[in-house]
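Participant: Using the sequences and the hints, build the whole thing.
Residue numbers (UniProt numbering), protein chains in the order written: chain A, 1 to 331; chain B, 1 to 569.
The reader is advised that the hints may include incorrect statements.
If the Cβ cut is set under 8 Å, some of the chain B residues that face chain A in the computed set are [what the hints assert, rightly or not]:
1. V234
2. T296
3. R459
Hints were generated in silico from the structure; no laboratory data involved. Ideal Cβ placement from N, Cα and C applies to all residues, glycine included.
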Amino acid sequence: MRRYLARKILIYALTFFVAVSVNWLIPRLMPGDPIRTMLSRGASGDEESMERMRAYYEQTFGLDEPAWQQYLNFWTSLARGDLGISVWLFPQPVTEILLAAVPYTLALLLPATLLSWVAGNRFGAFAARSRWLDNTVLPLGYVLTATPYMWLGILLAWGLGIVAGWFPTAGPYGFGSIPGWNWPFITDLVSHWFLPFASLFLVAFGGWAIGMRNMIIYELEAEYSTYLEALGAPRRLVRRYAFRNAVLPQLTGLAVQLGTIVAGALLTEIVFAYPGLGNLILEAVNNRDFFLLQGAFLFIVIGVLIANFIVDVIYVVVDPRTRTQMQGGAA
Amino acid sequence: MGNRLRWASAALVVGLAAAGCTGGGGGEGEGGYPRAQTLYTTGTQWGPPANWNPIMNWEYTTGTVGYIYEPLFLYDPLAGEYIPWLAESEEWVDDTTYEVTLREGVEWSDGEPLTAEDVVFTYELARFESVPYSHVWDWLASAEAVDERTARFEFETPRYQEWAYFTYSNPIVPRHLWQDRSEEEVTASANENPVGTGPYLYEDHSEDRQVYRRNPDWWAIEALDMRAAPEYIVDIVNTSNEVTQRLLTQGEVDLSNNFLPGINQTIEGNPSITSYFEEPPYMLAANTAWLVPNTTREPMDDPEFRRALATSIDIEQIVEGPYSNLVEPADPTGLLPAWDDYVDQDVVAEHGFGHDPDEAESILAEAGYEDTDGDGFVETPDGDAVELTLIVPSGWTDWMEAARIISENAQAVGINVTEEFPDQAALNDQRAAGDFDLVINNERQLSNTPWTYYDYMFRLPVQDSQTTVNFGRYENEELWDLTQELAETPVDDTEAMRDTISRIQEIQLREMPIIPLWYNGLWSQYSTQHWGNWPSDAEGAPHYLPTTWRNYNQLGAVLTLTELEPAGG
Chain A
1 MRRYLARKIL
11 IYALTFFVAV
21 SVNWLIPRLM
31 PGDPIRTMLS
41 RGASGDEESM
51 ERMRAYYEQT
61 FGLDEPAWQQ
71 YLNFWTSLAR
81 GDLGISVWLF
91 PQPVTEILLA
101 AVPYTLALLL
111 PATLLSWVAG
121 NRFGAFAARS
131 RWLDNTVLPL
141 GYVLTATPYM
151 WLGILLAWGL
161 GIVAGWFPTA
171 GPYGFGSIPG
181 WNWPFITDLV
191 SHWFLPFASL
201 FLVAFGGWAI
211 GMRNMIIYEL
221 EAEYSTYLEA
231 LGAPRRLVRR
241 YAFRNAVLPQ
251 LTGLAVQLGT
261 IVAGALLTEI
271 VFAYPGLGNL
281 ILEAVNNRDF
291 FLLQGAFLFI
301 VIGVLIANFI
311 VDVIYVVVDP
321 RTRTQMQGGA
331 A
Chain B
1 MGNRLRWASA
11 ALVVGLAAAG
21 CTGGGGGEGE
31 GGYPRAQTLY
41 TTGTQWGPPA
51 NWNPIMNWEY
61 TTGTVGYIYE
71 PLFLYDPLAG
81 EYIPWLAESE
91 EWVDDTTYEV
101 TLREGVEWSD
111 GEPLTAEDVV
121 FTYELARFES
131 VPYSHVWDWL
141 ASAEAVDERT
151 ARFEFETPRY
161 QEWAYFTYSN
171 PIVPRHLWQD
181 RSEEEVTASA
191 NENPVGTGPY
201 LYEDHSEDRQ
211 VYRRNPDWWA
221 IEALDMRAAP
231 EYIVDIVNTS
241 NEVTQRLLTQ
251 GEVDLSNNFL
261 PGINQTIEGN
271 PSITSYFEEP
281 PYMLAANTAW
291 LVPNTTREPM
301 DDPEFRRALA
311 TSIDIEQIVE
321 GPYSNLVEPA
331 DPTGLLPAWD
341 DYVDQDVVAE
351 HGFGHDPDEA
361 ESILAEAGYE
371 DTDGDGFVET
381 PDGDAVELTL
391 IVPSGWTDWM
401 EAARIISENA
411 QAVGINVTEE
421 FPDQAALNDQ
431 RAAGDFDLVI
441 NNERQLSNTP
451 WTYYDYMFRL
461 PVQDSQTTVN
471 FGRYENEELW
481 DLTQELAETP
491 VDDTEAMRDT
501 ISRIQEIQLR
511 EMPIIPLWYN
521 GLWSQYSTQH
531 WGNWPSDAEG
541 APHYLPTTWR
551 NYNQLGAVLT
561 LTELEPAGG
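Facilitator: Here is the structure:
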């Protein structure tokens, strides 16, 4: 077990290093000058003062140094927990901007991912039982899982928000609300949260349900099931064994899918003007805000790695075979 | 396991949702801002409010200048008048000495009085090179406070036009709070807790909004009998066009300064959504969109070729097509409607141009551009192929459509132009480096003087990197001299201004260094559900700029707030 974890951690550390380096590099390979993008929004059109300001701010951001030096600076300040200052939202520190945005993204992502996984698996397993459900769930699931997050978001906003008028479609809470610990505000917050959550949930739900349904059918036709049935085991018992086996690939699927889900959440945030990481990343790209982009991706990389690590650990817990193998390997 | 997890995640949802509210605690207790006393605006702010620093004029939070910090004068471009604001009066004592007298009884929101020292200090700040107006010291000699309310400026070269621009565009900052600030604190700090003289006070902000509360002690209440109507202003960070349009039609947003394609249908069909004009173009003009040819490249270095290109373009097709008449074709001189008086109609009649494909073809033929290889497109007199690329930023759908039309028009007369849509930052790079054939640009905004436009067109010397002006790298000493002459013409000497401008226009129209296309609108649509008496061209309505755009409050946009009236009593 310890060796298994140590190896995993080493792999994660390497992945982290490479991913963060790539995140550092890619924005800098894009054409466009962040300082000029920033200053060109201003009113001063005087070429000379513009040039002076550019020199000044380039120095402020350390962009006048050679690339290798910037890269080293990046890692040293990262070690101190300093992600730099945003160019686009100058002079706010990147860390502060991200900390304000991350709760919104997590509030969408965590429940949507977990609930859809749990509910999708349950429902898929349930659907595999009856012909009638199978005929309806299967096509519906395929439609849902094939729907781009953004598109479903727009549909929901239009249907439940604009036509039915049940839910607000923009912002984290009403534009006239004052944040506070009171019921009107909390219900306001939840009603704004619901649609973006629902669009994430539904797309993921469809995928898990189909996956589970296929796995269950496969498992029910496996020899151990037939054997159990031949022994006269109750149907429920057989299904429970089938479910346990079918859940394993789904768990791996969750780890693999995490990246996609994060990307989906970013798009969903843009559709619903939800102030999470998605909107920040979009504008950071447009404004060539290297520092904010770096920081946002750093959060995502860390998030995905942690989640994968947790899945890895859970895998060991729920699949006795991995444990046996590891013990065999250690012996 | 399934059940337990489900409940755990449900609990998590509530917990996280609750943790999501990170905005500052509101002082108003439960509920929210009363709808009838709150104005909701959007269209300026693209990201979370990040600073309230009036010096950083490219990204201060909407309203920082205008609502909190104020300039000495306002300039009303519709009336063509300077409105004394913090200043009571101004005077050129002699050719190089300017004196401004402040109003009596103006106070900063911390209770300190506004004095001439504050005005002097605001300009002394420009000794820091990172202050956007630092170039004032290239031609300003000294600034001093004569007495409590009078500041005197001595000039080396009095650029009257530019100085007038400064008096209304630069907000005054309080010396008593700013005097100990380092350069970094002046030009790179968020300036939280802004203290100004204006009609509003900072109330609150969060990731997607900025809230202002009315300043009960605003000087203009007594001095000018003016009162900002809304008790609160909530400025909402830009969302997608669909969301903005929906918020507007449902009356959740009162004023939107976004370009919403198809808004003309909403204005026509929805009685509660209005704009400045009842009919096309609906919006006031804010800036001119120009087609900029790179004059350092062949054949754009040839005035005849540029003229043929200009003549080939059918602006009406752009105005009616992608814009559905939300904009108007520009005058051949490119000057905005607010500067109509400065357009020399005789010069335009003689040298102006309009859409005329036959004329374009004959100009090309006369200048020696012929299709020698039979591919349907002209070659240069030397026989080189002409293959030009017109670039506009990707995602700017209206401009992309316009670029397609321009290419088609040009191709129709035999000029091979194709359009390309690079990413905006990439385009900025190409434009600054002069690495392009043709580009569309509209960065110069409405102001007090056409000088700002000529500075944009003819500015010399051409640098390696042209980031704000003269993207076409057009070099014409005579035009630049005339532009400087105009800068040094007193603003009240309109006769001399017209004279210089007329000479500029004659050369400009003969040389065609830059081709005016259409007037981009001061995008502005408002809902009358909660607030009435919006600006419009109707008799008796306020004639101010209905906008929250940065640097437009100094153009009198802030006066819109003093005219609003709650709808339904």
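Participant: If a hint holds in the structure, say so; if it doesn't, say that too.
Facilitator: Outcome of the hint check:
Here the hint on V234(B) is kept, as its CB sits about 6 Å from the closest CB of chain A, short of 8 Å. Residue-level restraint check for T296(B) is violated (minimum Cβ-Cβ distance to chain A is 17 Å; threshold 8 Å). Look at R459(B): its Cβ gets to within about 6 Å of chain A, closer than 8 Å, so that hint holds up.
Hint compliance for this structure: hint 2 alone is broken.
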